[in-house]
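Please model the complete structure; the sequences and the hints are all you need to start from.
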Amino acid sequence: MKFNQDGAQDTPQNITWINNLRLIAMFAVVVLHTASPLLFYHKGVTTQDWLVADIYNALVRFAVPVFVMITGALLLHRDYELGSFLKKRLGRLILPFFFWSTVYVLYRCYNEEFIFTDSIWTNTKLILLQFQTGAYYHLWYVYLLIGLYLFIPIIGKFVKQASEKELLYFLAIWFLTVLVSKPYLSSFDTAIDLHNFSGYMGYLVLGYYLAYKKFHIRGSVYIAAASFVVTTLIIVAGTHFLLLKNHELSTFFYEPISPFIILLSASAFLTAKHTKVKLSPALNKVAQNAGKFTLGIYFSHALILTLFDLAEINYALFNPILSIPVIALSCFLLTWLLVYVMSKIPFIKHLVG
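Taking numbering that gives the first Met the number 0, the leading residue of the sequence shown gets 0, the next gets one more, and so forth.
Bear in mind the hints are in silico, worked out from the structure with no lab data behind them.
One should not assume that every hint holds.
Unchecked claim - Per label pair, the in silico range of CB-to-CB distance: (1) Leu-178 x Thr-116: 32 to 42 Å; (2) Asn-283 x Arg-91: 16 to 26 Å; (3) Ser-249 x Phe-346: 28 to 38 Å; (4) Val-228 x Lys-277: 20 to 30 Å; (5) Ile-233 x Lys-284: 47 to 57 Å; (6) Phe-346 x Trp-120: 48 to 58 Å; (7) Ile-114 x Ile-233: 40 to 50 Å.
Said to hold, decoys possible - No more than 30 Å apart at the CA atoms, straight line, and that leaves these computed lysine-lysine pairs for DSSO-like: (8) Lys-291 x Lys-87; (9) Lys-42 x Lys-87; (10) Lys-212 x Lys-156; (11) Lys-86 x Lys-164; (12) Lys-212 x Lys-284; (13) Lys-277 x Lys-291; (14) Lys-275 x Lys-213; (15) Lys-212 x Lys-124; (16) Lys-275 x Lys-164.
For every residue, glycine included, the Cβ atom is placed at its ideal position computed from N, Cα and C.
If you want it as structure tokens, here you go:
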């Protein structure tokens, strides 16, 4: 690994922090999906309640980028035989994806969200379209992950041979591309085609770089944590400012591939890396068990939140400052229990995720 010759450590200092970060990111996804309805319902709630949703949303927007960064940290440095890599990674993903997509399609059919006709072929195409574009709002990440898996054997070749200078060069152009692609900075864009540096691929390389880079800075954890707090405040204040200015919600500061979310995600990643917290053996065992089911929890948590909403268990149950984290935690624990129980059933354990 050429990067090692330039001062990178051979492996992340403690793989436990990555496992714990993955679990935190999964809970952050649940919080995000619990708080988002309130955020988008800004015309029907008080400013105070909306700001609560704004704060929670800003705090957890690192979730999916950090998932991708963890993938880069764990996979880009390895040597793969192409066929076995794709078989292992896609094989673990495809069956649960189709299983849960079918569950969500059946729910939406039951909920009469589709308009069926007398034509069997037309109805079949309508159902197949759900698998093509995403059967439920959170499944877009799976399509993203499949695309990243297809590209990892290629980008991994570059990463393993690249010097630190070359990695920073790639990340700098990626960040610049993200910067000038934003509407408020589009006047600085040029006709130079930089699309090869855009997208979530940059998060893969960023996760690899930050995980393996040795930082010799005193108080690294405090710097990273302060950066996280400041970036969160900028996102909260910026989103509120645009709401007041435009009288409608703007997701400019929430865009997952944006300078603000890149900084937020990198700060969260480095805070987790440099935090020296040792869990008790019992808590560590619980975290390891939950960590094994993060994919299944991701697939199924939206179903639990939907059932909560049907039972009118949502942010409006009581003060959103408390209702959002309480409902998110309840959803997370119930989903974990559901996936754990399903994993013990012989015929469906491979479909859970």
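Verification of the hints:
no., hint, result
1, Leu-178 x Thr-116: 32 to 42 Å, "violated (47 Å)"
2, Asn-283 x Arg-91: 16 to 26 Å, "holds (24 Å)"
3, Ser-249 x Phe-346: 28 to 38 Å, "violated (47 Å)"
4, Val-228 x Lys-277: 20 to 30 Å, "holds (24 Å)"
5, Ile-233 x Lys-284: 47 to 57 Å, "violated (38 Å)"
6, Phe-346 x Trp-120: 48 to 58 Å, "violated (31 Å)"
7, Ile-114 x Ile-233: 40 to 50 Å, "holds (43 Å)"
8, Lys-291 x Lys-87, "holds (16 Å)"
9, Lys-42 x Lys-87, "violated (47 Å)"
10, Lys-212 x Lys-156, "holds (18 Å)"
11, Lys-86 x Lys-164, "violated (33 Å)"
12, Lys-212 x Lys-284, "holds (28 Å)"
13, Lys-277 x Lys-291, "holds (19 Å)"
14, Lys-275 x Lys-213, "holds (16 Å)"
15, Lys-212 x Lys-124, "violated (49 Å)"
16, Lys-275 x Lys-164, "holds (29 Å)"
Violated hints, in rising order: 1, 3, 5, 6, 9, 11 and 15; the structure is consistent with all others.
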